[in-house]
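**Q** Could you build all of it, start to finish, from the sequences and the hints given here?
In the order they appear, the protein sequences are chains A and B. According to the working numbering, the first sequence is numbered sequentially starting from 920. According to the working numbering, the second sequence is numbered sequentially starting from 920.
Among the hints, erroneous ones may be present.
Each pair may be met inside one copy or between any two copies, as identical chains are not told apart.
[Claimed, not checked] Calculated cross-link-like contacts (lysine-lysine; reagent style DSS-like; alpha-carbon spacing at most 27 Å): (1) Lys1032 <-> Lys1220; (2) Lys1158 <-> Lys1032; (3) Lys935 <-> Lys1130; (4) Lys1158 <-> Lys1220; (5) Lys1158 <-> Lys1130; (6) Lys1158 <-> Lys935; (7) Lys1220 <-> Lys1130; (8) Lys935 <-> Lys1220; (9) Lys1032 <-> Lys935.
No lab work stands behind these hints, which were simulated from the structure alone.
Next come the chains, spelled out residue by residue.
There are 2 protein chains.
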Amino acid sequence: MATEQTSIAGLCAEAKAAAPALALAPREQKDAALEALAALLEARSAELIEANAIDLQAAEEAGLSAALVDRLLLDEPRIAAIAAGARDVAALDDPVGEIIDERQLENGLELRKLRVPLGVVAVVYEARPNVTIDASALCLKSGNACLLRGSGSAQHSNAMMVEIAADAAGAVGLPRGVITLVGGGREQLAELATQQGVVDLIVPRGGEGLKAALEQVATIPVLYAASGNCHVFVDRAAKLQQAARIAINAKVQRPGVCNAAETLLIHRDVAAEFVPVVVDQMAAAGVELRTDEATRRFAGKERGELLSEATESDWATEFLDLILAVKIVDSVDEAAAHIARYGSGHSEAIISEDEVAVRAFELSVDAACVYVNASTRFTDGAEFGMGAEIGNSTQKLHARGPIGLRELCTFKYIITGAGHVRG
Amino acid sequence: MATEQTSIAGLCAEAKAAAPALALAPREQKDAALEALAALLEARSAELIEANAIDLQAAEEAGLSAALVDRLLLDEPRIAAIAAGARDVAALDDPVGEIIDERQLENGLELRKLRVPLGVVAVVYEARPNVTIDASALCLKSGNACLLRGSGSAQHSNAMMVEIAADAAGAVGLPRGVITLVGGGREQLAELATQQGVVDLIVPRGGEGLKAALEQVATIPVLYAASGNCHVFVDRAAKLQQAARIAINAKVQRPGVCNAAETLLIHRDVAAEFVPVVVDQMAAAGVELRTDEATRRFAGKERGELLSEATESDWATEFLDLILAVKIVDSVDEAAAHIARYGSGHSEAIISEDEVAVRAFELSVDAACVYVNASTRFTDGAEFGMGAEIGNSTQKLHARGPIGLRELCTFKYIITGAGHVRG
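**A** Given below as structure tokens:
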């Protein structure tokens, strides 16, 4: 396998050499590569399941939890879903060549601002092997050569999937080097993150540990597909039934993802009525509540004794689990201040029928997505009509929120004259 | 002066505290601050010239070149021009609150993508003190609190200008802390560049030394307003008179700026006719040519003896002076390959009447601005109709080319529902 023989710098240089052919590939060729990718995944699923079995066995021998082993698992239905995902990406509009702006300057020069691929994109991710194909498909469609650095625990599955993806590229006349697996430890990650002039972007999908590691070493641009410490604020002017339904959905519908809610903020004026209702509903849904003292008081003696005390670190934690922190606040401003202090700039919701409160929340909360009377769970490329995504950015530069095909591109200005010189 | 009493982290925290008031300021208030800034610069020009005199004297005593001393100089006409620049920024459209996208999702949610300020922007720059006001004005208008780190050689001028700018902000009811001067050496620069969660962006305007220093230490997002190693390629299908005029303009009209040409590439098929013409015109304009052997041969014996040999490092150098490297190439592809190897991704021009050659150059040259039959000198926010700029980005992420008001902003999604939960 190439990853065992070639240095990280060597693999990156090969990706850069392969990139122009993909950047200039017409839509038809890229879509054909994606169809070939889907077809090959289906045709070679037995081989892939065999490779995956090696990873599964190693994971079990290493004593990984059942949940983590399940994340690693590839079976026929999952492979079919991954193949379908590649076909979905083929169906999306080609972002490359889109005209973002087109006008004539005062001096007569014709200016066009065209969307073009970034060049070489590295994606760093954790256990789920499906990301290998999702990221390959998004990079293919957006015209970017990609370097994939998955988890060591999925190495055999990833190697087989990258072989299949490279075969698919090759089958339509693209260089196989447009999709490359890179491996290694922290040292190799640092080498990857310092390939200035070779790798145009690195997208880490993972927890705060990966983020911290990259912040220290990266010299190339990084787009963090980062964690979400999301809040739902129930204003005094909320419809309380609606508020409870949204809070439950934001916490419970899929607790292990970045757009799930981690803290519920409740306006003091509705706390006496709302707290008992939401505490009971959360308990029925199996949610552990960690609350401030006021919440326990509003819950009443009996319920209150079942609630644990939230620590300072609970307000800052992305539980990714059926755990919710709950706090009483006196105003929209206090809710916004709490979010400014503890939030990660991902998705924040207000439930309110009061236009003034809604407007204040919209203006003062600094996050990728601000929801009004809706669950935070909608932050997602597909939900936003952007198609598949490579993650959600909590950064402010370049991409904020879902990172889709357009966000994997840059642009260039083409300026056409008739001998124009500057006076 | 605050810069002498407060730590960098303390100043940054003050800027962050001041930022929300500016981010939410209506256009009228920001424009009033800019008008107050212009008026105060004019009213206090004597004071400013006095402060500037201290910097000038120190520069002369330190033996700075006449050119560098001239860059430092502030006099009445220059102050008037700086004030006029602030008024020009007031006249530009407010980028904050612009709706970038607005649509209803399939599930009925209303999605708006709104332009909002980044928050706190740090600008690091060199000698010219006018940048202090230019950057202040652009940050004010784009709703960003700014931290300005100018050159030590302009410290008294900068301190006075920042005092005036803070006074202008205060005069319209904005916190004075929205404009702050920071000082210090490399250690303080590193402290500034690692203010994660406090400073949202750092824009270094300066040479490769500053860029290299920041690449090593920065953990916050950086937007390099960087150097330009720009090329003019004269294709075999060029109108040769036009080509000479463009090459002269790109090199000579203002050689000390980033969008001036540094290398001229000439197609072999027109070299016999074009080289003697352009060599004579460049000589007449006082340009020193550093060429490959083929150019000297095409120049003829007499002219050729006046041309020096280009070294490997000449192809990679941004001369910022009346020096031009010249090379003969065999094709558009060879020109593009030379640009890919030595260019800095700033501004690249092809002179050609051949549509196929033009299209190949447009597609294969990876730069912020690709010119067809026009001088590279047009890469500029004002020329592009974007208004004033804080510099030109040669990065691919977030901003490429001129960094104007919109590029100093991010966006947020506001998603409005009626109790929407995800199924």
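**Q** Each hint: holds or not?
**A** Going down the list of hints, with the structure as the test:
In the homo-oligomer, the alpha carbons of Lys1032 and Lys1220 never lie at most 27 Å apart, since the shortest distance is 64 Å inside one protomer and 45 Å across protomers. Taking the shortest Cα distances, Lys1158 and Lys1032 sit within 27 Å of each other only across copies (26 Å), while inside one copy they are farther apart (46 Å). Taking the closest pair of Cα atoms, Lys935 and Lys1130 come within 27 Å of each other both inside a single copy (25 Å) and across two copies (23 Å). Taking the shortest Cα distances, Lys1158 and Lys1220 sit within 27 Å of each other inside one copy (25 Å), while across copies they are farther apart (89 Å).
Proximity of Lys1158 to Lys1130 under the C-alpha cut-off of 27 Å is found in neither arrangement, the shortest distances being 38 Å within a copy and 53 Å between copies. Taking the shortest Cα distances, Lys1158 and Lys935 never come within 27 Å of each other, neither inside one copy (55 Å) nor across copies (35 Å). In the homo-oligomer, the alpha carbons of Lys1220 and Lys1130 never lie at most 27 Å apart, since the shortest distance is 42 Å inside one protomer and 61 Å across protomers. When the C-alpha separation of Lys935 and Lys1220 is checked against a cutoff of 27 Å, the pair qualifies neither within a copy, at 65 Å, nor between copies, at 42 Å.
Taking the shortest alpha-carbon separations for Lys1032 and Lys935, only the intra-copy value of 24 Å comes in at or below 27 Å, while the best inter-copy value is 34 Å.
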